[in-house]
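The task is simple: from the sequences and hints, build the whole structure.
In the order they appear, the protein sequences are chains A and B. Mapping to this note's numbering: the first sequence position 39 is 39, numbers consecutive. Mapping to this note's numbering: the second sequence position 112 is 112, numbers consecutive.
Worth flagging that the hints you see were computed from the coordinates, not collected in a lab. Keep in mind that this is a model prediction, so the values were computed, not measured. Every residue gets a Cβ at the ideal spot worked out from N, C-alpha and C, and that includes glycine. Please note that a few of the clues may not be correct.
Residues on chain B that point at chain A, a partial pick, calculated with CB under 10 Å [unchecked claim]:
1. Gly40
2. Ser49
3. Arg112
Computed cross-link-like contacts, SDA-like style, restricted to lysine to any residue with a CA-CA straight-line distance of at most 20 Å [said to hold, decoys possible]:
4. B/Lys57 x A/Lys54
5. B/Lys71 x B/Lys14
6. B/Lys70 x B/Lys14
7. A/Lys54 x A/Asn18
8. A/Lys102 x B/Ser109
9. B/Lys14 x B/Ser109
10. B/Lys71 x B/Ala56
11. A/Lys102 x B/Ala56
12. A/Lys102 x B/Lys71
13. B/Lys57 x A/Pro39
14. B/Lys9 x A/Gln42
15. B/Lys9 x A/Lys102
16. A/Lys102 x B/Arg112
17. A/Lys102 x B/Met19
18. B/Lys71 x A/Ala95
19. A/Lys102 x B/Val12
20. B/Lys70 x A/Ala95
21. A/Lys54 x B/Gly104
22. A/Lys102 x B/Thr86
23. B/Lys9 x A/Gly41
24. A/Lys102 x B/Gly58
25. A/Lys102 x B/Gly40
26. B/Lys57 x A/Ala95
27. A/Lys54 x B/Thr106
28. A/Lys102 x B/Pro39
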Amino acid sequence: GIQVEQSPPDLILQEGANSTLRCNFSDSVNNLQWFHQNPWGQLINLFYIPSGTKQNGRLSATTVATERYSLLYISSSQTTDSGVYFCAVGWGGGADGLTFGKGTHLIIQP
Amino acid sequence: NAGVTQTPKFRVLKTGQSMTLLCAQDMNHEYMYWYRQDPGMGLRLIHYSVGEGTTAKGEVPDGYNVSRLKKQNFLLGLESAAPSQTSVYFCASRTTGQGIANYGYTFGSGTRLTVV
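Here you go:
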């Protein structure tokens, strides 16, 4: 099956810093989503981004499908950005679900 | 618009007991999924359903059964719980995507299950 690798596995930053999280995947996909899992365990859908670039406030994401990677940018980090960020991929024409990476654990210190 | 609702949110079981987790969605989605999340790992697919009355195995189906008697509900059953099934369980749903640009999945808030 498809492999999803996320880097870095852990990241500790000071409040106000910027960060880039990377997701590499091993095969063609037409579904890619970024999720934030907050400290209470809730999965929050950040972006549906199988290709191109999207922005939502301080967060933006870029997927280069032909090169099989996606990047999540977080600018001006806040303590509430802490948590685990997951990349998940799939083939949208099929029904067999998303394959998740192991996540990047982000800690924003005040 | 509630989205995807999971019940219960927490449960402690003794080894060998059985239980059913309920997932309900109000978005008229065809596809529904059950995932488990273990510490330090991403989510892994247990079972999924492409429509009412259908189910299929995912990556880690052993020890679980599922049913989709109604389109809006997807049930996950543990017939004889084992400590290895201690995990957080997430349900998700999505549209079929036919003629639609967004194949995005919507997840429930999770059920934390401990088997002692």
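Verification of the hints:
no.	hint	in the structure
1	Gly40	7 Å, holds
2	Ser49	8 Å, holds
3	Arg112	7 Å, holds
4	B/Lys57 x A/Lys54	33 Å, violated
5	B/Lys71 x B/Lys14	31 Å, violated
6	B/Lys70 x B/Lys14	29 Å, violated
7	A/Lys54 x A/Asn18	17 Å, holds
8	A/Lys102 x B/Ser109	19 Å, holds
9	B/Lys14 x B/Ser109	23 Å, violated
10	B/Lys71 x B/Ala56	15 Å, holds
11	A/Lys102 x B/Ala56	24 Å, violated
12	A/Lys102 x B/Lys71	31 Å, violated
13	B/Lys57 x A/Pro39	30 Å, violated
14	B/Lys9 x A/Gln42	11 Å, holds
15	B/Lys9 x A/Lys102	23 Å, violated
16	A/Lys102 x B/Arg112	19 Å, holds
17	A/Lys102 x B/Met19	28 Å, violated
18	B/Lys71 x A/Ala95	15 Å, holds
19	A/Lys102 x B/Val12	26 Å, violated
20	B/Lys70 x A/Ala95	18 Å, holds
21	A/Lys54 x B/Gly104	14 Å, holds
22	A/Lys102 x B/Thr86	18 Å, holds
23	B/Lys9 x A/Gly41	11 Å, holds
24	A/Lys102 x B/Gly58	18 Å, holds
25	A/Lys102 x B/Gly40	7 Å, holds
26	B/Lys57 x A/Ala95	12 Å, holds
27	A/Lys54 x B/Thr106	19 Å, holds
28	A/Lys102 x B/Pro39	10 Å, holds
In the structure shown, a violation is registered for the earlier hints numbered 4, 5, 6, 9, 11, 12, 13, 15, 17, 19, in ascending order.
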